[in-house]
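> Please dock the two separately framed chains into a single complex, following the hints provided.
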Amino acid sequence: MWTTLSYIAWAVSILLCAWMLYDWFKIDSEYTEDVLTSSREGEIEAVQEKHQLKNIGGQS
Amino acid sequence: MTAAVDTAGAAGASKRVSLLRVLGPAHVWALGVGIVLVGEFTGWNFAADKGGALAALITCWFVGLLYTSVAMIDSEVTSTVAAAGGQYAQAKHIVGPLMAFNVALYLVFAYTMLEVSDAILVGDLIVTNAATEGLTRHGFVVLTIVLFTWLNYRGVLMTLNVNFIITALAYASILVLFFSVQPWSQGAVLHLGELITPQNALPYGWIGVIAAFQFAIWYYLGIEGTTQAAEEVRSPPRSLPYGTMAGMITLLIAAALTWYVCASLLPWEYLGFTFFPLWDAARVTGSGMLEFLLFWGTILAAVASANGCINDAARAWFSLGRDRYLPTWFSAVHPKYRTPYRSILFLLPIALAFAFIADLNQAITFSILSGVLQYTFMSINIMMFRNKWPLGSIRRGYTHPFHPIPAIVLFVLCVVTFFAIFLGFGSQLIAMVAFYVVVSLWFHFYRYRYVRRGDQFTMPWPKPLGY
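Same order as they appear, the protein sequences are chains A and B. Going by our numbering, the letters in the first sequence line up with residues 539 to 598, in that order. Going by our numbering, the letters in the second sequence line up with residues 1376 to 1842, in that order.
Next up, chain B with everything else stripped away, as it sits in the complex (with noise of 0.2 Å):
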């Protein structure tokens, strides 16, 4: 990287200040892993509740197709459009700046409400185990916020290396929990077949499996934040493929182990009910360790989920700033650290003020629902990549197989996951889309009159095929 910038100094360049390229593969999968692993802690077991623990186990494998269908679409279209702002940029080259504006503010909203979850989630833990009179949440959820944004404003490589470790610690509490009730031997510890019977698996039958799709996004929610990293990794072509791969990999055997431990100790009613299914899990084996270990394992994923949402949220914003989609101001880039600081300095209110006034179902449904959407253009978009630019016309750091089976399967899922949360959240579904339709015309009539058309688009692509 310094070679780069001095290159660029030699060519007249050298007052240009750039996001730094210092990232690996490790790097893109903690930036993966790390957001979404909280979700097997706190989060799917709420689609017990909506159709039973069997529900909850169809729709980890229905969900897990989905997301290995984003993984998939993300890598193809990430290895060749490798900016910051991720899905934001893919749009902005393949649909058209309106989509490309609605998809940045899905992932500034996605990523925001997130973390306002995660750090909620760190300052109940603490209360509920403390529990302490007149203690309360707000310390802890302002120092999660403000810890991870300092890391993050101090530069993404030990942003992710920190990210690296905590994720691999939290995801080493599963694994050990997962061998220590001893899953070969069913009757020792664990209960499968008492706690799921053919009475209680789908206690609504088909329809409570429809409704569980959104919780059950829970188990890889965020999965898709690895291609914030483009800009900032050394090898886009090669690291954000196998970054993306390893880690949705690796999200499918934690979902696996997650279902399989909880549901063999806890009955569906609670594991339906609880914030801390995996941490209840260790308390009811009995074990002191493991429940340390779980409590801990909790709070590491949570603050890891935290620092990666912080991370794409500001770049994804930075990305908007940088096109004059919104204000240039909010391009600026640390001289010292390489970061987007304003864009970080910017968001930090606000998930402040969302972690005061929302509760976590709140944050957790907005959180969703922008994340759907995303999913929802990604399909469309591959189609429309495939279409205008076929295979050989560009190169391309990864071909993703069998296309357009994944693009359509995720089209359908995604379908599925609207009508399932509209039969829970259907008022904020409805607030939602409006809210975005608001702000598509304010971009449309007011603010892209500022953008410079010929500037935004980077990509050194032949002109598209049709046009």
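Just chain A, with the same shape it has in the complex (with noise of 0.2 Å):
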């Protein structure tokens, strides 16, 4: 039985990888590079602080 298993966890593992690699693929194509590398240190900091104060203060 365990040596069933081993072979199944093989499995997985090759099919778990190829989704990963296809997915990878995909999302590379369909995205531009400065979309996919835009995230910015402290920057959703920021935003969240100023929505909130405008929540806050009535305006949004």
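What the hints contain is simulated information worked out from the structure, not anything from laboratory work. Keep in mind the model is a prediction, meaning the values are calculated, not measured. Careful, some of the hints might be misleading.
Stated by the list, open to error - Quick list of simulated restraints, FRET-style, between CB atoms:
#1 A:549 <-> B:1765: 34 to 42 Å
#2 A:549 <-> B:1557: 42 to 50 Å
#3 A:549 <-> B:1787: 48 to 56 Å
#4 B:1532 <-> A:552: 35 to 43 Å
Said to hold, decoys possible - Stretch-level coverage of chain B by chain A, calculated; a stretch enters the list once three of its residues show a Cβ under 8 Å from a Cβ in chain A:
#5 1503–1516
#6 1521–1535
#7 1671–1682
#8 1690–1703
#9 1713–1720
A virtual CB, placed ideally from N, CA and C, is assigned to each residue, including glycine.
Encoded structure:
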């Protein structure tokens, strides 16, 4: 039984790797590099704080 | 978070893709304790081999002090510098780019090697339990690494929800074992007084206690990993200190219970030799239920640790790319799952390669060395942080008490641990320090020219005192 489970482990691993490689290729094809690497440190924090301030002030 | 993205869109930045802020304190706890808890199931017990069972207990307390200092210092700095990369982002803003580059490498190596160790442990445990001729661990090792890489690829919320459940189950297995052996009644099942006597308590004297520091690190190794979630928690000033300190308290209890049960059931010579102390302790009780429970507890703790390590190593690597310390290609965020998918995938073959070429001892030592280098940096980092930005000059989510005592305690205990590692693995220590010197030279003389120097400092802080 354990030997069979070992083969299943290999098969599942190969399938998951194949899926991740496919998705990676798909995403890199659909989106530009500028969009994919557009994350900036601290940016979300600043945006979120502004948003909350607007809500508090009743302007949004 | 959706509101935040929408607001960004309204501001004309709708094309930005960032990590998702979806985590709470429970996820921070799951990340930290999930990475560490495997250390109770294996690793800490090698301290008994170095200095006896009592040395394993003494170092449990002192290393607990080291990590309590780490948790307190980390909570203060990270609740202020809330960015992916954790200690890397701290080092960048407080010490400087070269220190930050080194810290990020410590993080990546510590977590990747720990992930490799976890996967090897899962494979070895299954092979030991199966007792089937010709069965190798490789399939199970690969599945552990690939499955949790896939989970991390698909999103941080599900990753840490899963980690919360499996970590809680593994922790529960320790509690069930503890209460099943009637800890209130020595002699019924436990035999601490017979197994630890004045003659064998410290078989190598006090130098054995010093040497035991090297493996006592495993009681708590990785709790500082909570900070890697800084950019993905909804409220960093609240969630990070709360999750980290709760995690540390959880681990102090787990370490004490683990030592008490194992030292009361297994002779110190065997305790210092086995790879599965809690599972073996369960087997000694003769209860099939406990044996089954601790087998799965060990498996779950190992996979929870691997899962958290993949999460943390990828965030550190991603942050290096985002600041151009490495090619920006690594800083890509998946537009659907909002994970650093290229960093996650890049580290996958590296982990697999080490899982095949390294043995458990080498992987563990590499991880511990990188971790202790990082803790040494943290003791210096907090002193600089308090000097440059004294209390009241910037907003802190948490302020740790008794400064500078925790920093001094941390530094002294790190020096002791380095000495202990030198006693056991001197050549690896020297080789690793040489490696960091070489990559530092590469960074300083070659890579740093590509860094946009102004862009990397993102915190809206006043100028540091004295500048």
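> It remains to establish, for every hint, whether it holds in the given structure.
Now the hints, each set against the structure:
1. A:549 <-> B:1765: 34 to 42 Å: About 59 Å separates the Cβ atoms of residue 549 of chain A and residue 1765 of chain B, which means 34 to 42 Å is violated.
2. A:549 <-> B:1557: 42 to 50 Å: 45 Å, holds
3. A:549 <-> B:1787: 48 to 56 Å: Between residue 549 of chain A and residue 1787 of chain B, where Cβ atoms are some 51 Å apart, the hint holds.
4. B:1532 <-> A:552: 35 to 43 Å: For residue 552 of chain A against residue 1532 of chain B, whose Cβ atoms are near 27 Å apart, the range 35 to 43 Å is violated.
5. 1503–1516: As far as the region 1503–1516 of chain B goes, the hint holds, because 8 residues have Cβ atoms under 8 Å from chain A.
6. 1521–1535: holds (count 5)
7. 1671–1682: violated (count 0)
8. 1690–1703: holds (count 5)
9. 1713–1720: Result for this restraint: holds, n = 3.
Violated hints, in rising order: 1, 4, 7; the structure is consistent with all others.
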